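Given next are the chains, with one letter for each unit.
There are 2 protein chains.
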Amino acid sequence: MPSVKDVAKLANVSVGTVSKVLNNDPTVKQKNREKVLKTIKQLNYVPNIYAKSLSSRKTKMISIVSSTLGDEFHERLVSSIDQILSENGYDSIFFSLLSRERLKRFSNPSHFLYQTDGLIVSSLSLTKMFENKTLPTSKPYILVDTRDALNDCAFIDNYYGGKLVGQNIKLYENSKVYILGGYEPDEAFSSGVFSERIIGFIDELVNNRGFNRKNIVIMKVGLSLKESYEFGKKFTPNQRHKFSVFALSDIIAFGFIEGMKTLGIKPPDNYSIIGYDDLSYSENIELSTVRQPIEELGKVSAELLLKKINNKFEDKIHKSLIPEFIERNTN
Amino acid sequence: MPSVKDVAKLANVSVGTVSKVLNNDPTVKQKNREKVLKTIKQLNYVPNIYAKSLSSRKTKMISIVSSTLGDEFHERLVSSIDQILSENGYDSIFFSLLSRERLKRFSNPSHFLYQTDGLIVSSLSLTKMFENKTLPTSKPYILVDTRDALNDCAFIDNYYGGKLVGQNIKLYENSKVYILGGYEPDEAFSSGVFSERIIGFIDELVNNRGFNRKNIVIMKVGLSLKESYEFGKKFTPNQRHKFSVFALSDIIAFGFIEGMKTLGIKPPDNYSIIGYDDLSYSENIELSTVRQPIEELGKVSAELLLKKINNKFEDKIHKSLIPEFIERNTN
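These protein sequence lines are chains A and B, in that order. Counted from 1, the first sequence has number 241 at position 241 by UniProt numbering; the numbering is strictly sequential. Counted from 1, the second sequence has number 54 at position 54 by UniProt numbering; the numbering is strictly sequential.
Isolated chain A (complex conformation) (with noise of 0.2 Å):
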């Protein structure tokens, strides 16, 4: 196997030159650079980041792991996170926790998950995860989108976004409110946000409003498109009365709307409806909705996490922001 000194001997150029390009530093001139990459593909050469890593111990480089990347809530804090960590030298990692195999695997201390030098974990309850409802690491991390009294933690809070939802949505006599979503095919992969945004609902309707928690319910919809949309398609509320409608997300919300319509039923004039979210789309078809400060929990919980990295912490980390309520045309 090719060493770096082979490299060096055949580019004619020092051993440290060929660590400068491999370390990408800027006063390596251009022709040098050029000449030691070529040798390097020509020789094979596989520089060894394990040996360098072995003596620092520094990878610059964070574990991300998420449920899902796939949706642009996810899609939108990930980069927030990622683009915090690249202004402070840090590469980014993503690992998607899609099966319970991949679950098992990430109990082992030895996944190279715990050899970054910190993680951040978004929308996954580790509560419900490992045994010991903390991750098997001694390295710093910190929980995203989740609300954990063990683990440090930032979050939106989602009982306060419940209870806007509950202070803000129309309210019409003799008349049911529904619930619409919180139907989560694995239980482990979920973070708790939607039982919080129910729960914050429920007691202000109840306890606020007046409302009698009996004509409150709630119902178990996917959180696809596809799923809400054939929900809406087929609800049949009991009643002539107009009606008030919680959707627990803004991609929940936009699958009934639709549904609905291909019955002739839309808001505001036959129902009133709220999202939760505020997605980009959102805007576009006047959901009123409550506006989750994604960018900014990114932001903190990357800062966060490279404070703890730095050893600039001691107390237990219990960071929450606050989301808005946005009133726009369906309620």
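Just so you know, the hints here were simulated from the structure itself, not pulled from any lab data. Mixed in with the good hints there might be a few duds.
Listed below are several chain A residues computed to face chain B (Cβ distance under 8 Å; list not exhaustive) [to be verified]:
1. Pro2
2. Leu37
3. Asn44
4. Val46
5. Asn108
Everything numeric in this text was worked out from a predicted model, so none of it was measured. Even glycine gets a Cβ: it sits at the ideal position worked out from N, Cα and C.
Given the coordinates of chain A, work out where chain B should sit on it, guided by the hints.
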């Protein structure tokens, strides 16, 4: 820094048992497993996979690079790749190419990206990314969703897909055909799939259906639901006839259709529209479209990479999959 011997001593087990626990060996007694994990926590022991990798040079990990994971196409593609890798004992790590800053880091051959056993690069045109048009590594890799003459690749035939739309789209006398999409904010992160769809479509219309090239109008529309909705809301075809639209992705079709609805203009009564992708929601809104075999593409790519890793290939890989036209109600 504590060693594996310290862990074994304190846990009162052999070094071999500690090693088995670290490698998730199922033959270890549950009681011993718990003792070892507890001791690891207690000593803050960091298992050294670097040293392990150094000797075997096999990480059993694959790097997956994608410009984005935040849409259904890429989420399904990556899930499918991940499943095959997992079935074969490989774990995958995602690298998202969000910025030119990161692209620069990826040109460094010592980046962690190249320290896994192989790479799958999705929807990125390497010819635009790196000067010498290949990745700076001797590790096996395969490009997915990209047609590339110089590198091993697997893709769905976008030229043929464009021809399928050209064969099936309804045309109206003295009327125009609009192609929507194709705008990519940064060329470095595009894969050329849109251009291929456009060329196949125009070839079919002009050469086989005798349609006048002058009546085909290509309009740049952003790829998000928000942008295509805004575009549809302001779109005024310069005629009273029915017209035809080829939306280069289903997302563009969704937004455009909703935007035009605000003007009271709907398919198939006022115009014909065909999308591209066949996302899960497309069936609900009865969108005519081209179905991409996304799961098959992921499966084939992962299998080809594993064969390359096991040295079972000498020849260039250039695997092409065929899309399928799905007629529904908007054409």
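Q. If you check each hint against the structure, which ones fail?
A. 1
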